[in-house]
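As you go down the protein sequences, you meet chains A and B in turn. For the first sequence, our numbering gives the first residue as 47, with consecutive numbering after it. For the second sequence, our numbering gives the first residue as 12, with consecutive numbering after it.
Fair warning: there could be bad hints in the mix.
Covered stretches of chain B, as calculated for chain A (at least 3 residues, CB under 8 Å) [stated by the list, open to error]:
1) 124 to 130
2) 159 to 170
3) 263 to 270
4) 307 to 314
Treat the hints as calculated values from the structure; they're not laboratory data. We treat Cβ as the ideally placed atom computed from N, Cα and C, and that holds for glycine.
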Amino acid sequence: MSEIILRDRVVADTWQIHRPEAGTSPAVPAGHVLVPLAIWLGQADVIASRSDVGVWIAPHEDPATLRDSLDRLPVVAVDFPKFTDGRGYSIGHLLRTRYGYRGELRAIGDVLPDQLDYLRRVGFDAYAVRADKDIRDALRLLTTFSEPYQNSWEPPLPAFRRVARGQVTEVPR
Amino acid sequence: MAHAAAGNAFDIGELAGMYVYDQIDRTIVAERVAQYRDQLRRFQAGTLSEDEFRPLRLQNGLYIQKHAPMLRVAIPYGLLSSTQLRMLATIARKYDRGYAHFTTRQNIQYNWPRLEDTGDILADLASVEMHAIQTSGNCVRNITSDEFAGIAPDEILDPRPMAEILRQWSTFHPEFAFLPRKFKIAVSAAAEDRAATAFHDIGLYLEKDAAGGIRVRVLVGGGMGRTPIVGVVIRQDLPWEHTLTYVEAILRVYNRHGRRDNMYKARIKILVKALGPDEFARQVEEEWVHLKDGAGLLTREEYDRVAAYFVAPVHATLPSVDAAHEARLADDVPFRRWAGRAVRPHRVPGYRAVVLSLKPTGVPPGDVTADQMNRIADWAERFGFGELRVSHEQNVILPDVRLSDLHELWQEARAHGLATANQGLLTDIICCPGGDFCSLANAKSIPIAEAVQRRFDDLDYLHDIGEINLNISGCMNSCGHHHAGHIGILGVDKDGAEWYQVSIGGADGSSAGRGRSAIGKVIGPSFAADAMPEVIARLIETYLELRADGERFIDVVERTGIAPFKTRVYATPVAAVQRAEEAVDV
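Next up, chain B with everything else stripped away, as it sits in the complex (with noise of 0.2 Å):
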């Protein structure tokens, strides 16, 4: 059974695991709470303009969408704890309307808070230890990580530490708040790269030397939007202690020469292609000589001190293989399925990660309701430790599971909407929230998510089909991802309609895609909403014809590159066969 004691409600300071705030940490997100009511107080008197309230609101994650404001509340490295999953929840049902959106920076939003409660929102966050600070506008935002991080039996070492020094490093630095753009920086430390990494304005790979050191190997200008780039190393072997004045020097040579005519060529990317990598590190380098082993180089106590909150917590003894579990594997068909994609390696015998899909059919890919968090986070605390992950793929991990409580929680996750089995196939989609809510979007996402399930619903077809990943974004700037999907989606505007265009060969450098890491090419022109099932189902049948034995879609564009895609999905116009199949329907 469960190994926390039952009935006993969790403290964020008896957690393993996580970090805890102390005193500073305290007093910098309650000095926030106040700073941020008071903006909002001078907004609504008049003495702070809508312009000049903006880029104050978007550094504390509130947008003014089509309906009410967003909120986007961080969570750092996608780490939460079952405490703040119910904060969340609570949130949820006391400012909003009953559920929230899990995103694709490990960040949750809120769709329909009013203005004058995003203060007491905000209070309540931190109560828990939660903020919303620079989850949007031209700063660093929430450092993401690996979804994996501590358990996962590739690891060379817990990123954690490092990504939760680099999110008290970048909080309110008061050199980097107004910078081109917004800035995205991503650490991973693992053989599989689970964090999009080469995909960020800097990725940290976190690696080991000969002698057990830790170094990191930094990528920059990487990023999606309308310039999608993966990110070039400028640096090999850098010591970890220099992490943090490493990234200084990028940060102080972005912020002094990017571009400020155009929006749409200020990110870091544009820069280092305009300079050329060599001399976009060579002017880094420069720069660092200045700061290398200066104040900002990182001590081994304070390494240790953030260290020590993630520590694994004590797992108990467990033989390898539960024969009961093994005996309901064999004798429960849909466990089965569900276990096949929803349970991860552990590197603690008999454990496992759970993955708990929020992509059901008919369900916006990533959303998850008040009562939907609650279940979860006693899941959290009965199956595990109290402790939870949310991935950039939009699902929420368990992950401390006994094999013998597979079968359990699966059942308790099915009577509750999260158990579909479809985790790194194509109705996992990743997708934006799209023209439906966003005001940035120039096309919905939402609907196309839903009637791509809706065509592939058969789950025998999706799991022969396979892993694939199926990004849809609702405009350039590319929430969804979709120029690292295998199959992305791109909603674009013409003429005030809305269009859909088609790329394939994208990876976001997991192992799903072989752990490559690249751009989507565009297959064609642009369709219309309702020919999407048709357009996915052709790429699908292509691969399907096409494969051999073990490829996976991901695999044949990469054998055969888009032609063949290309051809079958411009044969006969879409719209006229879909009216043809009607026909015969009738």
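Isolated chain A (complex conformation) (with noise of 0.2 Å):
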């Protein structure tokens, strides 16, 4: 079984990823499943029922339309087809902040490690990182930058509301 980052654990992976070609059919697999979004808005009444149903986004859809389901969905992933496409940022982002998702917000797709630490300030907390990746080292990078200068997410305040700044203790040479 597939492991994935969940806050800062690696854990199992029990959910799969459903990722239908073009065409075929919009059913549900059973199990716990992530549906492409256009799934889950063809038939979140019927599978609002189920609590082994979550969602995918991919980074040109709008997660403005899962406004309504955001608190029926037990996780919500973004998924980055490549980790230069910098979309799914701001669409995890706008889910936490704008859209008060509360539940798990997890980056699949082209997740490396050095990702790890801008996904969980924007509001990631759990990372399916690339298999090929070595998910334990990749652990110590959650956290590269302990006071970042910006409000997001995580922090929630900038640091010029955080802290008191200008607090210089030695010039440095």
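Build the complex: two chains, separate frames, hints provided.
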């Protein structure tokens, strides 16, 4: 069974990601499954009775369409088709800060260790690190920068609202 | 004489007029060095592939170039201390070949570092509160500004506090590290725009309202590159405390909707053009509504904290006219000529800013040796407050020189190849490293600059031609700002050969072009490299024949259009004329 980082631990992953080929049946497989946004939106009322269905969203899709479903979703995943495609960071941030999602927010796809700190800060708390990478080594990169300048999901306040700035203790040479 | 106590080393902490790192800034830069070392180690061990490492190293300013890696170091808003410049010199000696190159975005580049040394270089930079963070890559780049900030008489307010606040905000912003494309922000706050602000992805003009409050005029979508566009205003009168939230709203709209399918159409200007500025502005405002009074709202305390670092040093009370200086100007013709180009006004009586030209003939524009850097650092202390500026024209500025010190400074600068009197003239060429160094380039640019400088090496003639910006880029990425040159030269590749396309009438927003920001117009088919000096000569001759009283080259182009210039340049084949001239010489 594959593993993911959930918050700050490596755990077994219980969820399957359903990536149906175009034109195939919109039927939702059994078991813990993350379905594409379109399938969710098309069958939300039908699927809603199941607690083992989550959704994954592609970077070009609008997270606002999930607004009314978020309190029913145990997992929302955001797909990163390439790690250099940064749209998912804004999607994650909007799901947390704008639409109030509080469940598991998972990064899937081309998720690499060096992205974890940024992903965590915009609101992700689960990371399906790409299978060829050492997920335990990735854990140590979860917090690369201990006192960031800006507010995001984490920390919610910028440095200038968090701490008294300008306390220079020594002048570097 | 100089007013810094002789023999005293300058501490960064003693400097008036510069931001000083606190514990948070130092921690962030230290953690960056550690992060980069770890990434480099994994790359060398093979656990980070070339494709995975590339975006990471680029966000640390590291390119893999033709001959060696190239490391680009940020000089935020062009401000440097003498201590920092000495460290840049030390790095040039220790890890490179004893020189470095100032760029058109207030960065400095090393052309020959070894990959395995780059972590140590970043650590050395961190020791003087410098870094290479986000000097490349598809992220928010170094924030640039007016090189005369804090001293220019036409300044409305000091743009540096806001530039520093934006530097911090943009540094490792978690949401905007993987944008569709690079993203450049400039801040300007004077009557004259000296930062080419309208050519940035976001240009911010700080202004004052009737009550003295700071307001921001926000431009988006400016840029050079393949599709040069002058930015458009999407917001007037934004209260200053909303600057970060407004910029965040712009970046979120861009990050979500900017094109990612074609890197040539990925800049924000393409999105603004596709949506139309009104619709783009509407989307930004819609996004901003959610942010405007949130945590990103700037506080007066924070602005004041940062602004306090930029308070002007204590200048001496001096007469506005120095008799001895006037006498030297009258008696010493070379000095007078230099002073006429190099010396710029200062808001404090008895002081001037001095632009040291890095454009002597035969030296790649913007290149500076380690020895010169050390000398300039010494002068910054002897003839100022230990502070320096670098400009997007690739020159270095001593910002606080007494009138009475100008002659002594000039003599020393002359002894070190830094007293060329061509600032703002034809041979003060803005030029990218081009095909000699850059792996992106289609053609060489440095040899073109040198050939033009050699053709126009007569200072009297240069001064007669007057104010003109000649800008050269070795490819469409436009690092040499050719689109904004009164004369612009672009290197192009045709079937493996290097050709040069010429445009005229561009302007970067500065007073050299009467404050206009404009994209140059291409005059016609491209030329071979050896034709370029003659092409420029024909453009200049056309101008000299057409000009009326006081008209600059750019004024004539504005009045007549490109037609007379085009006619003259293409009247006879350029290469044939050159051969004929050579025959006559023989």
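Against the structure, the hints:
{"no.": "1", "hint": "124 to 130", "result": "violated (count 0)"}
{"no.": "2", "hint": "159 to 170", "result": "violated (count 0)"}
{"no.": "3", "hint": "263 to 270", "result": "holds (count 3)"}
{"no.": "4", "hint": "307 to 314", "result": "holds (count 5)"}
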